[in-house]
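Undergrad: Taken in order, these protein sequences are the chains called A and B. Under UniProt numbering, read the first sequence as residues 1 to 339, first letter to last. Under UniProt numbering, read the second sequence as residues 1 to 339, first letter to last.
It is worth saying that the hints were derived from the structure and are not from the lab. Worth double-checking, as some hints may not be accurate.
When chains are identical, the list treats them as one kind, so a pair holds in a single copy or across two.
Derived DSSO-like pairs (lysine-lysine); straight-line CA-CA distance at most 30 angstroms [stated by the list, open to error]: (1) 4 <-> 58; (2) 142 <-> 152; (3) 142 <-> 40; (4) 262 <-> 225; (5) 197 <-> 152; (6) 4 <-> 152; (7) 234 <-> 197; (8) 4 <-> 183; (9) 262 <-> 334; (10) 61 <-> 334.
Protein chains: 2
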Amino acid sequence: MKKKTTIYDIAAKLNLTAATVSRALNNNKKISENTRKLVKQTALEMNYEQNTLARALKSGKSFNVGVIVPRVDSNFFASVIRGIEEELYPKGYHVIICQTHNQEILETSNINSLLNAQVDGVLMSISNAKTNIEVFDSLLQKQVPLIFFDRKREMDGISSVTIDDFNGAYTATKHLIDQGCKKIAHLSNDRSFEIFKDRYAGYKQAILDHGLEFDESLVVESASKIDEGKRITKTFLEMQNRPDGIFSSSDFTALGAIQEIKAHGLRIPQDICVVGFSNEPFTRFMDLSISSVDQSPIEMGRLTAQAFLEEVSIKKKLKVQKKIVLQPELIIRKSSTRY
Amino acid sequence: MKKKTTIYDIAAKLNLTAATVSRALNNNKKISENTRKLVKQTALEMNYEQNTLARALKSGKSFNVGVIVPRVDSNFFASVIRGIEEELYPKGYHVIICQTHNQEILETSNINSLLNAQVDGVLMSISNAKTNIEVFDSLLQKQVPLIFFDRKREMDGISSVTIDDFNGAYTATKHLIDQGCKKIAHLSNDRSFEIFKDRYAGYKQAILDHGLEFDESLVVESASKIDEGKRITKTFLEMQNRPDGIFSSSDFTALGAIQEIKAHGLRIPQDICVVGFSNEPFTRFMDLSISSVDQSPIEMGRLTAQAFLEEVSIKKKLKVQKKIVLQPELIIRKSSTRY
DNA sequence: TTGTACGCGTTATCAT
DNA sequence: ATGATAACGCGTACAA
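Using the sequences and the hints given, assemble the complete structure.
TA: Next comes the structure, spelled out in structure tokens:
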């Protein structure tokens with residue numbers, strides 16, 4: 001194990017003091033151009049590398065940013081992380097990944113663990129609607145920037161990057177109406193999350209705005225799973241007056257719906273149109289490609305990272321709360337294209 | 001900003017010295033049971049949390065592990081990362097993510113950047129077959145454990161976790177033969193990577209072992225993209241004596257092949273059987289579900305993490321090189337099920 | 001412009 | 001069993 005060269009080593013070699021070397025390397029104004037060049041030159045020759053840990057200990061900045069998501073092996077979150085990493089890496093930051101698996105305990109322990117590692121910020125997507133708010137307060141108290149993406153929580157002074165779920169749902173539902181659907185069902189999800197509440201609201205508003213009848217019994221909550229989509233769709237199809245359109249808040253339940261509809265010998269989109277949400281890769285790959293609402297996750301990641309960078313660059317005094325809302329894009333595919 | 005309580009604070013309160021407190025907290029043997037309890041008790045009361053940075057600076061251990069992958073928004077790598085994170089988090093380690101986008105420059109800079117952040121280990125999947133080996137040496141010299149997963153490089157003293165690509169390919173090809181295929185093509189990929197070389201070799205061996213004719217013109221390299229699969233399959237279908245089976249080293253090219261075959265009015269699996277590789281989620285979702293070789297990525301991640309943990313727990317003296325090879329599992333679906 | 005001296009929070013090595 | 005002190009590597013207020 002070769003020992004790393006420190007500023008002391010290079011100071012010794014140059015008959016200078018460590019302080020001078022430090023200043024030279026940090027482009028401190030009050031240093032002669034000569035010594036600056038000399039120091040940098042020999043630093044290069046001696047393969048000097050700044051000890052991040054020491055600097056972090058001294059300055060309190062670790063140049064690490066924590067990212068907390070329910071899970072990483074989901075296309076959406078993986079893509080957001082990709083965006084975050086790409087934006088932060090060039091600025092010298094590293095991204096630390098934590099998964100919560102939707103467990104409140106893990107959400108709390110992750111935050112504490114990141115706090116303990118002295119990250120410079122935490123970017124997270126709420127995974128548990130009822131996680132105690134105290135944990136977030138502990139972040140605020142320690143002046144560690146916290147930024148929500150996708151699944152946020154209404155909190156004073158916290159910036160967030162989300163998409164306009166209401167509008168995405170509204171557009172999708174309106175699209176179904178444009179395709180001639182008269183009775184549109186909605187596969188919803190836990191509405192204690194804002195995103196699902198908003199999608200529900202957008203769906204409802206579109207229904208009402210276009211003279212259709214809003215029927216609460218056509219809205220069913222479930223987990224984002226194929227089988228759930230099948231199960232619920234089965235009940236829809238057994239109605240005496242079945243729906244002719246389905247707006248799903250998840251691509252997986254949408255897929256389940258499609259499978260169930262086919263199993264019943266009905267045609268898509270002729271008999272029933274289906275639109276999903278998230279634009280998961282598989283929706284594009286199917287023979288019967290699935291229309292879906294794209295959330296531009298990479299862009300969301302980039303913007304989240306940018307919001308963080310802004311927050312750390314700004315003087316601590318003024319606290320800005322930024323709420324960035326991305327406009328989702330409806331990707332129209334075969335599952336809802338009648339004309 | 002509340003100041004964090006340090007061991008000095010709790011030492012002062014107890015009329016002890018910081019050293020004693022440190023020892024008590026670290027369960028040092030030579031400390032009285034009384035003071036140990038007392039210290040731990042008051043530490044709890046004062047909300048003491050160990051400063052990881054200081055400990056890292058002192059001990060040289062950061063409890064951070066770097067993970068380098070081509071990209072995170074791929075199901076395979078995301079799943080491996082998931083496995084790694086789940087294994088490491090309970091042990092107090094954090095996972096730092098880096099992406100290379102298959103660029104040699106980024107591969108090198110990522111390693112250096114992680115080295116600079118003083119990670120306790122680097123887990124990586126080679127993304128560029130010709131990355132200069134020097135970078136890896138710099139890791140070895142600094143005694144930082146390096147472990148390859150999936151895409152490895154043959155290097156002395158480096159542990160790796162891979163799957164038996166040869167066997168996976170062999171099994172898949174044999175399966176096609178069992179289904180009655182007589183002329184099997186192979187959609188390959190850059191064979192400067194071991195994994196693709198091995199898959200090619202497994203395919204070839206299965207052909208030879210079962211009395212079929214090996215025909216090099218039925219093997220074509222391409223990137224792992226749907227369109228490439230289409231393009232190459234088109235040339236296959238235009239042969240006077242077209243193949244009746246395709247083994248693809250990628251699920252994406254397999255999908256492209258399937259699309260092209262259908263477009264030509266041929267039936268799957270009756271006319272042509274197709275098997276892919278990786279078991280991407282979408283292969284299961286299709287109406288015509290795609291047979292594929294599963295690489296158990298989460299398991300791979302866990303084993304990689306475990307190999308790392310072992311390596312750090314062992315005395316630095318003895319260097320163990322572990323080569324873990326997972327057995328892949330062929331998932332047989334509609335695209336290759338004739339009987 | 002450069003040097004001196006100290007602190008960041010912890011642990012390890014001496015003593016006592 | 002506990003205390004005193006140094007050291008990890010860096011940055012910075014203060015002095016020169």
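Undergrad: If a hint holds in the structure, say so; if it does not, say that too.
TA: Do the hints match the structure? See the list:
1. 4 <-> 58: both (19 angstroms within a copy, 14 angstroms between copies)
2. 142 <-> 152: within (20 angstroms within a copy, 42 angstroms between copies)
3. 142 <-> 40: between (35 angstroms within a copy, 23 angstroms between copies)
4. 262 <-> 225: For residue 262 and residue 225, both the intra-copy (18 angstroms) and inter-copy (29 angstroms) Cα distances are at most 30 angstroms.
5. 197 <-> 152: The answer is within: 12 angstroms in one copy meets 30 angstroms, while 46 angstroms across copies does not.
6. 4 <-> 152: between (44 angstroms within a copy, 28 angstroms between copies)
7. 234 <-> 197: within (24 angstroms within a copy, 47 angstroms between copies)
8. 4 <-> 183: For residue 4 and residue 183, neither the intra-copy (70 angstroms) nor the inter-copy (59 angstroms) Cα distance is at most 30 angstroms.
9. 262 <-> 334: Answer is both; intra-copy 14 angstroms and inter-copy 17 angstroms each pass.
10. 61 <-> 334: Classified as neither: same-chain Cα gap 51 angstroms, cross-chain 55 angstroms, threshold 30 angstroms.
Checked against the numbered hints given earlier, this structure breaks hints 8, 10; the rest are met.
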